[in-house]
Amino acid sequence: MPAGAAARLFALGGLAASGLGHVVKESARQMSRGQKPELASLLFDETNGLRVADQLARMRGAAMKVGQILSMDSGDILPPTFTQALSRLQQEAHIMPRDQLERVLRSAWGDDWRQHFVRFDLTPFAAASIGQVHRAQLKNGEALAIKVQFPNVTKTIDSDVANIAGLLKLLGVAQKVKDLPDLIETARVQLHEEADYLREAAHMARYADALSDDPTFVVPRAHAPLLRPNILPMDFVEGEPVETLLTAPAATRNQAMETLFGLVLRELFDLRLMQTDPNFANFKWRPQTGQVVLLDFGATRTIPETTVEAYRILMEAGLNEDREGLIVGLSEIGAVNEAVLTAHRARLNAMLDIMIQHLRRPLLDLADRRFVPLIREKAHEIAMDQTTWQSPPADTLFVQRKLSGMALLGVRMRATLPLRGMVAQAVGSKLSHP
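Letter 193 of the sequence shown, counting from 1, is numbered 193 in our numbering, and no numbers are missing.
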């Protein structure tokens, strides 16, 4: 895993050299067949797409994180083979060599760092985009999960984001997405925030305090004496992967999804603090108690009052079956503008009618493919018109990411929710029934 600037430059240089050689050979082959080669398609065909993904994985850090974001959110803009290559990054876990890990630990805790533990597993049990997680036990018997950040992550975020931006320009994405610079800057800022483990520990503590009155949730606490900007020690909390719920009885699946959806509504309207990454790995399920374990608070954001109130307007309009009110709400959160309303009013009305029809029901069946998938399809059609589309503000993007992620989890769970009543309670409306 390259750590220094020179190693990273060598990795990128190797990628450029090997990629250029492939482009020259493939271009000559196509020209011999009378075809006109296109630079973007040659740079990011299946061969080079896999090569790019491999280099991002080797460098890890922010480069891999940006790759994950692109593979999740830009599938219709990037060439399919490149998107598939980036998607590999979500499935594969690379870890630090042991000598590199020990250097990080010595730098953080001193040469005698082992004195704090009776056990420290040098093989991580989990790995993510900018760090890996180890199990350890303190001398007092306390079990910890210790997240260790890969070296030089914070030093290379800006250059990695710039490299990704350069790749996007080669792909022609800049011509397709007029607000691409704003999206790139949003990603850069988010990456810096996620790399600050002191910030994450503070948000973890806020969640633990805010949810202390609800035994349904379990939130680990940071172990302050060993906390560092790049090392986050926390309680080791047992639990099953949330995917185990997929085969659970319907009542259990419904209970779990009601708990998770209820948390999102509480985050938005009560806490005004939201963990915006809906990755399934950020939740665990305790089948014996019905509790949900919350993990990974790096993507936590404070939600501004204006955004909260805009969502309140939107959801109250939905409860009132007020299509025009929904338009106002969508405008308030920045999801639509005048150009969209002019060009896509029919599509928008169709999407809103689907929402009204389904939210009218006391129980919403998320497995009904006429609801979430159909709404996503209509919204996608509108978003793909780059002549009218403008990305919403960052705060709305992150809230929507969480809401969409929970909706998709509900679809996978085949869950049925009393969503109308839940929303009515969250926004303070008396319209809990049609």
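The hints are simulated quantities; they were obtained by calculation from the structure and are not laboratory data. Built from N, CA and C at the ideal position, the CB exists for glycine as well. Treat the hints with care, as some may be off.
[As the list claims (entries may be wrong)] Label pairs and their computed distance ranges (CB to CB):
#: 1; residue 1: Trp113; residue 2: Ala379; range: 48 to 54 angstroms
#: 2; residue 1: Ser212; residue 2: Thr244; range: 23 to 29 angstroms
#: 3; residue 1: His192; residue 2: Arg119; range: 32 to 38 angstroms
#: 4; residue 1: Thr247; residue 2: Leu363; range: 29 to 35 angstroms
#: 5; residue 1: Asp121; residue 2: Ala202; range: 22 to 28 angstroms
Which hints from the list above does the structure break, by number from lowest to highest? The structure breaks only hint 4.
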